[in-house]
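Residue numbers (the working numbering), protein chains in the order written: chain C, 1 to 253; chain E, 254 to 504; chain L, 505 to 771.
Please keep in mind that the hints were generated in silico from the structure rather than gathered at the bench.
A virtual CB, placed ideally from N, CA and C, is assigned to each residue, including glycine.
Among the hints, a few may not be true.
On the chain C side, residues computed to face chain E include the following (Cβ under 7 angstroms) [as the list claims (entries may be wrong)]:
#1 A18
#2 A20
#3 A77
#4 P107
#5 V109
#6 V110
#7 I114
#8 V197
#9 I236
The chain contents come next:
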Amino acid sequence: MVTRALALVMAPLERLWALAAVMLVWHVYAVIQGFNRIVLPTPLSVLANIVEEWPLYAPKLALTMTVAIAGLILGAALGALGAIAAWISRIASAFVATSALVVRSVPFVVFIPILSRMMGYNVTMEITIVALLSFFPSFVLVSSGLSALPPSALDVSRAFGATTIKRLIYIALPISLTNLVAALRLSAARVVLGAMVAEFLTGLDGLGSVFLLARADLESERALGAAVIAAAAALILVQVGEALERWMNRRMT
Amino acid sequence: MARVLEQGWLRSLLGFALFFILWETAGRTGALGASFPSLSEIATAFDTPVKRGLFTRSMAVTVHSSLIAFAVGAAIAVGLALISAVLPSLENGIDSLASGIYAIPAIAFGPILILIAGPETTPIVLGVLSAFFPIYGAFVSGLRFTPSAYLDLSGALGASRARAFLLLKVPHAMPALIDGLRLGAPGAILGVVLGEWFGAPRGLGVVIVGSMQNVRIPQLWAAALLVVACSLIAYFALSALHRLCVRRFAW
Amino acid sequence: MSAASSAALAVEGISKSFRLGRESFQALRGIDLALAAGEFVSVVGPSGCGKSTLLRIIAGLETPDAGRVTIGSSTPAETTAAHRLGIAFQDHALLPWLSVAENIALPYRLAGMTVDQARVQELARLVGLGDFLRARPRQLSGGMRQRVSIARAMVLKPVVLLLDEPFGALDLVTRRHLNLEMQRIWGELGTTALLITHSVDEAVQFGNRVFVMAARPGRMHAEFAVKLPRPRDRRVTASPEFVALVQKVAAALDDATAASTASGMPG
Chain C
1 MVTRALALVM APLERLWALA AVMLVWHVYA VIQGFNRIVL PTPLSVLANI VEEWPLYAPK
61 LALTMTVAIA GLILGAALGA LGAIAAWISR IASAFVATSA LVVRSVPFVV FIPILSRMMG
121 YNVTMEITIV ALLSFFPSFV LVSSGLSALP PSALDVSRAF GATTIKRLIY IALPISLTNL
181 VAALRLSAAR VVLGAMVAEF LTGLDGLGSV FLLARADLES ERALGAAVIA AAAALILVQV
241 GEALERWMNR RMT
Chain E
254 MARVLEQGWL RSLLGFALFF ILWETAGRTG ALGASFPSLS EIATAFDTPV KRGLFTRSMA
314 VTVHSSLIAF AVGAAIAVGL ALISAVLPSL ENGIDSLASG IYAIPAIAFG PILILIAGPE
374 TTPIVLGVLS AFFPIYGAFV SGLRFTPSAY LDLSGALGAS RARAFLLLKV PHAMPALIDG
434 LRLGAPGAIL GVVLGEWFGA PRGLGVVIVG SMQNVRIPQL WAAALLVVAC SLIAYFALSA
494 LHRLCVRRFA W
Chain L
505 MSAASSAALA VEGISKSFRL GRESFQALRG IDLALAAGEF VSVVGPSGCG KSTLLRIIAG
565 LETPDAGRVT IGSSTPAETT AAHRLGIAFQ DHALLPWLSV AENIALPYRL AGMTVDQARV
625 QELARLVGLG DFLRARPRQL SGGMRQRVSI ARAMVLKPVV LLLDEPFGAL DLVTRRHLNL
685 EMQRIWGELG TTALLITHSV DEAVQFGNRV FVMAARPGRM HAEFAVKLPR PRDRRVTASP
745 EFVALVQKVA AALDDATAAS TASGMPG
């Protein structure tokens with residue numbers, strides 16, 4: 001009984017000790033620094049600030065997350081459609097190899113300033129950026145899922161006289177869907193980054209622009225509050241993505 | 254001619270040529286707007302010694318920071334991966350710390366880093382953070398998924414845990430580690446540029462933000478393309494290393 | 505003292521169950537086996553009869569629920585700790601980053617002993633790879649890789665050699681050839697050996713005795729003594745005695761397979 005209770009207490013500790021350690025270091029460091037100059041708020045004061053000024057944060061959080069999620073879904077869906085189109089027209093391999101390389105080696109975030117110049121400082125630009133970030137992983141993952149199809153699966157469907165449409169619906173779509181969900185999970189962390197960087201650079205309303213304003217006004221607590229909220233939101237989005245992927249894998253296998 | 258087209262590198266060369274011609278035309282005709290310059294227009298960003306000097310200095314700063322960030326990030330990632338492989342009781346904690354660092358958008362670390370590390374060091378720390386995860390993730394999965402036949406072998410031969418680790422697990426995980434490194438290098442560069450946007454005094458990131466705000470289009474493109482070029486060079490250099498490593502350590 | 509205590513390898517009353525989801529199924533029940541020093545014993549059985557589990561228990565890679573294994577006068581754990589067990593798998597488990605010589609020498613390094621280069625070279629010659637010491641496994645054919653794996657199993661002069669389908673992944677021609685080679689190697693070394701296989705031909709060709717196992721639960725079904733002259737080259741394997749014995753063992757194996765299916769029906 002005692003050991004079981006102990007196990008219940010220890011289980012989350014085993015996962016979270018590192019996070020707790022980071023918080024502790026932050027707190028101790030802030031307290032030590034506090035003797036010299038009042039620059040670094042403690043974790044507790046940041047939390048207090050979040051609670052206190054929640055009405056200020058909430059709409060900005062909503063804006064950033066709406067853009068991030070809309071762009072995520074749009075980009076991933078376009079990526080999957082592109083992959084299916086490439087698969088049907090059999091031009092996939094060259095395209096996919098290049099895209100896979102691009103995903104792994106090009107830091108897309110540096111194009112945010114360029115895109116915001118080309119499209120203007122507006123929400124369309126922000127969504128485009130986020131969609132661009134989630135397009136390539138989806139295109140690559142769905143393509144590789146489709147190309148991993150055993151040739152026999154296609155031969156069988158052809159032997160049964162299935163039309164291209166039928167093959168799309170019964171073979172390509174289910175595979176694309178599982179890989180699309182995997183791509184959503186993969187891009188979940190990057191889309192919040194994309195949206196916030198766009199806001200930070202152009203001053204568009206959202207959590208990212210809080211950094212900009214707080215820096216101008218020297219309000220460290222608010223900047224850190226926005227950072228903590230953004231971190232938590234991104235963590236939750238990634239968790240949701242993972243749960244969705246697990247659910248999809250259970251359904252499909 | 255057909256024979257020539259079959260050669261892979263020639264085909265990609267032709268592909269690149271076509272790509273650049275299209276770019277040049279789109280830029281000259283202004284098909285994609287005034288903010289999409291032709292390649293020759295971008296080249297004007299380098300046409301005086303003063304302009305070239307700016308790029309040389311900025312690039313030196315960014316590359317320097319990126320190299321430090323990459324080295325430190327790789328060292329921490331390898332260290333933590335080894336610790337979590339040797340001490341399974343710490344595995345979960347290190348894993349959740351790593352996936353937390355991965356999931357939290359790098360920009361969210363900006364405000365606290367500016368306060369703790371200052372604007373000059375923030376790029377390096379952000380570079381470390383974004384280089385860390387791909388390297389840690391790849392190395393850890395390489396270490397954890399040792400083929401069971403190897404483990405049976407070391408078990409039947411009565412090898413100590415330490416010996417099985419050094420002689421079987423670590424060499425088996427080498428290709429995975431190098432793969433992680435080649436993903437970590439663009440990550441380090443990205444982190445550094447992001448950090449430079451938080452008010453660093455010098456660097457390609459500073460040039461990018463400055464030219465964006467002052468609508469210096471050729472300079473903006475030139476700086477962004479230089480960042481991409483650095484990233485590609487790092488990636489391809491490590492890809493070559495990866496090929497060597499696969500030839501050495503894998504079937 | 506039982507007869508088993510004087511054996512080089514004694515397996516007494518081994519039982520083992522595995523959990524599969526909520527159900528548990530018995531992989532092995534009451535297995536007895538005794539090998540005299542220098543004896544070569546083959547075990548054949550239908551797939552899923554637990555013969556590989558038996559071998560893994562003898563190698564100390566799994567612990568039985570009941571019964572015990574004695575190698576000489578030691579437990580499997582003591583034997584592995586003393587690095588006196590030789591083992592070769594169907595998946596040869598060669599390390600791609602090491603040369604042939606380094607792969608053969610691996611047990612020394614895993615055991616923390618200094619490598620006896622002379623012994624490594626002697627074994628490489630014995631398995632016919634004297635000229636390939638510096639080659640990488642990738643450059644070798646499947647049969648050659650398996651030879652490296654067998655040399656590796658022998659390098660520490662094991663008290664017992666365990667062979668888990670070492671020829672299973674090879675094509676028929678290579679397999680025949682390597683069978684003959686392996687007999688010659690074993691003839692020179694004279695190590696007590698246990699071979700797990702699903703080929704009746706192979707079992708009879710190698711064994712002083714052949715055991716047939718039945719499945720679900722894995723148990724001993726029949727035992728045959730093989731009193732044929734060695735080396736069992738093509739002259740022997742083409743002889744009526746050999747063929748007759750193979751047919752007898754094959755019949756027993758069919759019988760065991762039928763028995764497995766019947767008792768495997770859930771009640």
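Against the structure, the hints:
1. Interface restraint check for C:A18: the shortest CB-CB distance to chain E comes to about 4 angstroms, inside 7 angstroms, so the restraint holds.
2. Look at C:A20: its Cβ only gets to about 9 angstroms from chain E, farther than 7 angstroms, so that hint breaks.
3. A cut of 7 angstroms between beta carbons decides the hint on C:A77: the least distance to chain E is about 22 angstroms, and the hint is violated.
4. At about 4 angstroms, the closest approach between the beta carbon of C:P107 and any beta carbon in chain E falls short of 7 angstroms, and the interface hint on this residue holds.
5. Taking 7 angstroms as the C-beta contact cut-off toward chain E, the hint placing C:V109 at the interface holds, the least distance being around 6 angstroms.
6. Below 7 angstroms, beta-carbon pairs count as interface contacts, and C:V110 has one with chain E at about 5 angstroms; its hint therefore holds.
7. Against a cut-off of 7 angstroms between C-beta atoms, the interface hint on C:I114 holds, since the closest Cβ of chain E lies about 6 angstroms away.
8. For C:V197, the suggested interface contact is upheld, since its CB lies about 6 angstroms from the closest CB of chain E, less than 7 angstroms.
9. A cut of 7 angstroms between beta carbons decides the hint on C:I236: the least distance to chain E is about 9 angstroms, and the hint is violated.
Hint compliance for this structure: hints 2, 3 and 9 are not met, and every other hint is.
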